[in-house]
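Enquirer: Mind docking chain S on chain A? Use the hints.
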Amino acid sequence: MKPSRAWQRWRAWVLRQERATTLALFRVLVSAIVLGSLLSAAAADVIDVTWVDAAHGGMLSLGSGNWLVSLLGGPRPPVVWGLFCVGVTGASLSLIGLGGRWPLLATLQAYLGLSSLNPTATGGFDNLLTIALWLLFLSGCNATLSVDARRSEGSWFSERQVAAWPRCLLILQLIVMYTATGLQKVSLSWTPMGGYTALYYVLHDPTWLRSEQLARSVPLSLLRVGTALTWHWEQLTCLLLAVFYFRATRARPGRLRAAFNRWDLRLPWAAVGISLHLGILVLIDVGPFSFISLAYYVNLFTPEEIEAQLFAGPSAAWRAWRNRRTAGSRSSPIATS
Amino acid sequence: MRLGSDPARDGQSPAGWRATLLAAFVAFHVLAMLLLALPASGRLGERAVWESRENQLQFARWAQLASRLGIARDGPELEQRLWSLTQRYLSLRAAIIAPFELYRRLSGVGQGWRMFSNPQSHPAYVHIELRRAAHFEPIYIARSSESAWRAEQLDHHRVRKLFGSIARSTEQKLWEQFGAWAARRAARDFPDALELRIWQERRATPEPGGVAAAGVVLPEQVRVYDLRALR
Chain A
1 MKPSRAWQRW RAWVLRQERA TTLALFRVLV SAIVLGSLLS AAAADVIDVT WVDAAHGGML
61 SLGSGNWLVS LLGGPRPPVV WGLFCVGVTG ASLSLIGLGG RWPLLATLQA YLGLSSLNPT
121 ATGGFDNLLT IALWLLFLSG CNATLSVDAR RSEGSWFSER QVAAWPRCLL ILQLIVMYTA
181 TGLQKVSLSW TPMGGYTALY YVLHDPTWLR SEQLARSVPL SLLRVGTALT WHWEQLTCLL
241 LAVFYFRATR ARPGRLRAAF NRWDLRLPWA AVGISLHLGI LVLIDVGPFS FISLAYYVNL
301 FTPEEIEAQL FAGPSAAWRA WRNRRTAGSR SSPIATS
Chain S
1 MRLGSDPARD GQSPAGWRAT LLAAFVAFHV LAMLLLALPA SGRLGERAVW ESRENQLQFA
61 RWAQLASRLG IARDGPELEQ RLWSLTQRYL SLRAAIIAPF ELYRRLSGVG QGWRMFSNPQ
121 SHPAYVHIEL RRAAHFEPIY IARSSESAWR AEQLDHHRVR KLFGSIARST EQKLWEQFGA
181 WAARRAARDF PDALELRIWQ ERRATPEPGG VAAAGVVLPE QVRVYDLRAL R
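Chains A and S, in that order, give the protein sequences.
Just so you know, we're using the working numbering here: the first sequence kicks off at 1 and counts up by one.
Just so you know, we're using the working numbering here: the second sequence kicks off at 1 and counts up by one.
Hints are computed from structural coordinates only; laboratory data are not their basis.
Possibly wrong hints are sitting among the right ones.
Each pair of labels, with its calculated beta carbon distance range [to be verified]:
1) HIS232/A to SER41/S: 20 to 30 Å
2) ASP285/A to VAL211/S: 39 to 49 Å
3) TRP17/S to MET193/A: 54 to 64 Å
4) GLY210/S to MET193/A: 16 to 26 Å
5) LEU220/A to ARG53/S: 37 to 47 Å
6) GLU176/S to VAL225/A: 33 to 43 Å
7) HIS232/A to GLU77/S: 26 to 36 Å
8) SER41/S to CYS238/A: 19 to 29 Å
Covered by chain A, according to a simulated footprint, are these stretches of chain S (three or more residues, beta-carbon under 8 Å) [claimed, not checked]:
9) 20 to 28
10) 31 to 40
11) 84 to 98
12) 115 to 121
13) 158 to 164
Only some residues are given here: those of chain S computed to face chain A with a beta carbon under 8 Å [as the list claims (entries may be wrong)]:
14) ARG53
15) ALA63
16) VAL109
17) GLY112
Quick caveat, the model's predicted, so the values are computed rather than measured.
All residues carry an ideal CB built from backbone N, CA and C; glycine is no exception.
So that you can see chain A by itself, here it is in the shape it has in the complex:
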């Protein structure tokens, strides 16, 4: 393929549109998780402990912080609590979809300012949250399921088309995250040579344990199966790219494509992921990591699929909205149901 043709195809792909339902649902979930993350830290009285400099009552010497914290005067209590309030307010507005995209940017910068202060107190979930906030800011996620939609169109639901690329990037982000973490699990205990014992060791580490008693009650055989499943599933997550590509080009010929499209392979992949994250939630405390990871899963599904599930019940509002829908709505850019 000539470079100019490839570029034209890329440009056309970027300009594809879809309804905003999936991104709006993701916005609600991400905002709720940001709120949970910030408010739980405040409830446990660890805001000052982790994000205020030792010179002002915190635990560690934190330096001057990122560009925003530095501009505001460094990790002092008024700055840290100011960012906390901006984060909580911004996430609350984003949750209900009020104020357009700007609350998402304000939340992102406040959260980024706080979480970048203390690298020893951050986790993968902080990255997942800030990436989500950034891509949601760039998207049209407030087009539906929002106060903004209610104010501009008189309904909570809207058929407005928005750019589809943010949802595609969120799917790619999920694939990159799992594949990268799978490839970085280089300890022998993750491998068959180490007897697939990594989760056994994780459940003996007080850093993560919720309850020693609960952790010790899990049979070793189950932990070996869990380790093997986690390691191989994470590394094979890159195959989701092929799943989505073959779904998007299902009209083309090819035995491999037909084999991939015989079943909806997103579902078994998601089922394994949900099981692993539920196990993490029950056994170890890694903050909101499982919640935000699972929130990304909604992006695997098209707005049409989400709408069918979200409003499957006898919802009068949904029926009224569906009746108003015009025929011939556009299909998803990366997956068709």
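Expert: Structure of chain S alone, referenced to chain A:
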């Protein structure tokens, strides 16, 4: 055309230089995501981290396989080879991701996915003790429901990560800063206390299927703080 907006609604054609800019930006983001996800950590360049007990054990374990493949004869040789390889890789990675650093810092698209990559076989339990009279008595032990001073703070996942970092490396500074913080809080919470002592209890996780070895606990990283001086 605005990012994420509907061109038809906005009354603008999706064609044109704005669409080209948008396509270029999305390509830039994808490239940034992929390159920033290349494994790296500041800890990879720290000799002290390589020399930690857990990593030395890993080198010894992998050396058995490496010697069979003719890569290295023993753990130290494997470590040396990996060290020089890793430092070259880190230099190359730093050069590759340099154009994306500003974007990462401003937009929060960092890609650190080193999760449970090296589970600990010798985790450490944090102990905090107080002396009111002749003897020290425990006020906080990690994961204990009985000795649970400020457990809401110390058991929060963000503070646990700090303890995990301290236990995994030979980092002294963080441990001492934690001790100073705990001493200031204890001086306030226990007006009659004389001294605070913090230490780590290193427990060897029994081999899978094995039984925990009973033995005398040898305190590590012991620090003592005079609380009277803090009031």
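Enquirer: Give a verdict on every hint.
Expert: Tested hints:
1. Checking the proposed 20 to 30 Å range against HIS232/A and SER41/S shows it holds: the Cβ atoms sit about 24 Å from each other.
2. The hinted range of 39 to 49 Å is not satisfied by ASP285/A and VAL211/S, whose Cβ atoms lie roughly 27 Å apart.
3. Between TRP17/S and MET193/A the beta carbon distance is about 55 Å. The supplied range of 54 to 64 Å therefore holds.
4. Between GLY210/S and MET193/A the beta carbon distance is about 18 Å. The supplied range of 16 to 26 Å therefore holds.
5. Separation of LEU220/A from ARG53/S is about 24 Å and departs from the stated range, judged on CB atoms against 37 to 47 Å.
6. Separated by about 42 Å at the C-beta atoms, GLU176/S and VAL225/A satisfy the suggested range of 33 to 43 Å.
7. One distance hint, 26 to 36 Å for the beta-carbon pair HIS232/A and GLU77/S, holds here, with the actual separation near 31 Å.
8. Taken as a hint, the range 19 to 29 Å holds for the pair SER41/S and CYS238/A, whose Cβ atoms sit roughly 22 Å apart.
9. Only residues whose C-beta sits within less than 8 Å of a C-beta in chain A count toward coverage, and the region 20 to 28 of chain S has 5 of them, enough to reach three; the restraint holds.
10. For a cut-off of 8 Å, the count of residues in the region 31 to 40 of chain S with a CB near a CB of chain A stands at 4, and the three-residue condition holds.
11. Here's how the region 84 to 98 of chain S fares: 0 of its residues keep a CB closer than 8 Å to some CB of chain A, so the rule of at least three is not met and the hint is violated.
12. Beta-carbon proximity to chain A at under 8 Å applies to 7 residues in the region 115 to 121 of chain S; the threshold of 3 is reached and the given coverage holds.
13. For a cut-off of 8 Å, the count of residues in the region 158 to 164 of chain S with a CB near a CB of chain A stands at 7, and the three-residue condition holds.
14. Checking ARG53/S against chain A by beta carbon gives a least distance of about 14 Å; that is not within 8 Å, so the hint is violated.
15. Below 8 Å, beta-carbon pairs count as interface contacts, and ALA63/S has none with chain A, the closest being about 11 Å; its hint is therefore violated.
16. Below 8 Å, beta-carbon pairs count as interface contacts, and VAL109/S has one with chain A at about 5 Å; its hint therefore holds.
17. For GLY112/S, the suggested interface contact is upheld, since its CB lies about 6 Å from the closest CB of chain A, less than 8 Å.
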